[in-house]
Every structure is written in C-alpha cells, then in structure tokens.
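Asks: Residue numbers (the numbering used here), protein chains in the order written: chain G, 1 to 161; chain U, 1 to 190.
Simulated from the structure, these hints should not be mistaken for laboratory data.
We put the beta carbon where it would ideally sit given N, CA and C, even for glycine.
Misleading hints may appear alongside valid ones.
As the list claims (entries may be wrong) - Here's a subset of chain G near chain U, in silico, CB distances under 7 Å, partners left out:
| id | residue |
| --- | --- |
| 1 | Ile52 |
| 2 | Asn75 |
| 3 | Pro116 |
| 4 | Thr136 |
| 5 | Ile140 |
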Amino acid sequence: MKQKKSQIRMAETVAILFIFFLMIGFGFIFYAKIQRIQFQETRSKNVDLESIEVTQRVSFLPELQCSSKNVIKDNCIDVIKLNAVIEQLESDPDLKADLYFDLFKYSNITVIQLYPEEKRWTLYENIKEGASYAFTPVPISLYNSTTNKYSFGILEVYYYY
Amino acid sequence: MKYKKSKIFDYVRNRRFQTKSQMEIMGLAFVVILITLGLLFYIRFTATKEPSQVKETFTTSQKAANMLNSLIKTNTYCAGATITQLLQDCAENKDINEIFCSITMQESCEFIESTMIYIFSQTLDTWGDDYYLKACLWNTITQQCYPDETILSISPLGSECSSGLGQRESSSQFIPVNGRVLKIWLDICK
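Based on the provided sequences and hints, a complete structural model is requested.
Replies: Right, dumping it as structure tokens:
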C-alpha cells in the first residue's frame, strides 16, 4: 500500500514536470515568433531608410544638379550633365564599381522624361538577382541648358536588398 | 459571523469540491487562464503593430512638393510657354485666351487641363495615389478662392481629400496675375 502511494506521488511529480516543460516550450516558441516579427519590422524600417538615403543621394548629386552662376536649383537635373555622367560611367567601369557602388549600392536608377517628349536614361544599374526591392519615384524637372527649357520627368529608384 | 464562514467553507469543501486535488486543479486552470489572457494582450499591442510608415510619409510629401514645383516650371509645346505662363493667360484673359496652341487647336485653359491630366495619368494614377489639384484666383483677405474664379480642378475622386488631420500631403504655389494672386495647390490623399 505504501509502495503504491509513493508511485502515485512519483507519477504526479512527473506529470507536473511534463506540464511545466511543455509550458516553457510554448513560451519559448511564442517568444521566438514575437522576436521574429519585431526583427522583420526593424529590417523593413531600415530598408525604407536606406532606399530613401539612396534616393536623396541621387536627387542631390552635384554631378547632375542644375545650377546657374553657382546657385543650385532644387529638384532639377541638367540633361547635359546627365549625358556626361552616363558616358563617363560607360567608359570607366571602375568608377561604377568603386565610387558609385558606395553611394548607390545595389540599385537601378533611371531618369524618365515624360513631357513634352518621352525619353529614358539609365544612370546606374546594379541589380541583385532574386532580391526584393523598394521602389521610390521622385518627380523632377529636366533642364536643357542649350534650349533653356524645362521638361517634366521622373527619377525612378529601385533599391535592392 | 464565524459560524456563517465555516458553513460556506464546509459547503464548498464537502459539496462542490470533494477532494483537495480538485481545488488544486481549479487553481492551476485559473493560472493558465491568466497567462493566456496576458499573452493575448501582448499579441494585441505589440505583434499586430502597424508596419513602418517612414517611406510612405517621405515619398508622399516629396511627391506633392516636387510634382507641383516641376509641373509649373515645365515648358510645353504650346508656343514654348511654361505651365505658369499658360495659367496666367488663362486667368487674365478668361473669355478669349491670348495663347492659342495651333498643334492641338486648344486655348490655354483647355490645354493646361489636358496636359495636367496626361501627366497625372503617367504618374500619380500609375502609382495608385488619389489627388486633388486646384487653381483659382485667391482672395488674400478671406484666404479663400474668389467665387466663380476657379481656373482648374482635377481629381480622380471628383472631390477633395478627406479633411481629417494627416489625411493628405499638400503643396501650394502662388502666381501673380494682373495685380491679383493665383493659387495652385496639389493635395495627395493618404
């Protein structure tokens, strides 16, 4: 009788321990899931900030900005400067790999003239295969200093992460 | 009083919970319920938090400001005039516009509207943004448009963005017209 009672007590202790560890297990799984969600949130916020950073860098790139008598015009790209930069990047691949990679990382930057005529320039292209991307469009003015005319355009930045 | 308490205790102990283990299980169940409730609250307030709005806020505010600034500077193929010059002509000579676009056979007022609609169809419509663009002669004293002096009004919604706080990103420009002021503004609805 005494042996039986102790066996019951033992079984009770084992059951309690089993439930205890089960609860710890559930708690751990739950904590891991919450941590994962929070990590993804932080990552998406960082990606957003990085893509904004790249967009701002292109918008304020001295090589492209319109200027008159050393006064910079906001939100404007000089078409002649743009053609010169593209030409330079094509003739010197090291420039793209060294200097511009530090600025634009993995991204695809295109300038599109929408009005009055449609035109397209690919300024920088470094696509990360199979990666996700953040797309940021920025409306801009395109200035042609030879004709002294402004066109309406879009600066499209695809940032790969 | 003492008698009453012991009577209740006896009732609970002897009638409802006949053994001590049953009472323990009830306590355990209570603890489990409390923990579950705590976890549910935690999920409600942390895991289901709204995703980051950093990029959206930045792009919307930049879109509104840059779009309007770039638009009014743009030279059109209507006599090489800028949108600003066309707006001025439309406001100054409302009945018979001075600038006539021979390519499209349109007067400045009509030409601005069709040009704006075309540009928006290639940009904001493609990006899925709702917007409201309006140009009117502005009364600087009442801070309102003069009645019947609206030059331009374009919106896919057919009306303004909802007026609540943080419901739109707005950008405006003022253009001088014959001693008066023409206000043009673009709201991008959120």
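Asks: Against this structure, judge whether each hint is valid.
Replies: Cross-check of the supplied hints:
1. Ile52: holds, 5 Å
2. Asn75: Hint on Asn75(G): holds, closest Cβ of chain U at ~5 Å, below 7 Å.
3. Pro116: Since chain U brings a Cβ to about 5 Å from Pro116(G), closer than 7 Å, the hint holds.
4. Thr136: Hint on Thr136(G): holds, closest Cβ of chain U at ~6 Å, below 7 Å.
5. Ile140: holds, 6 Å
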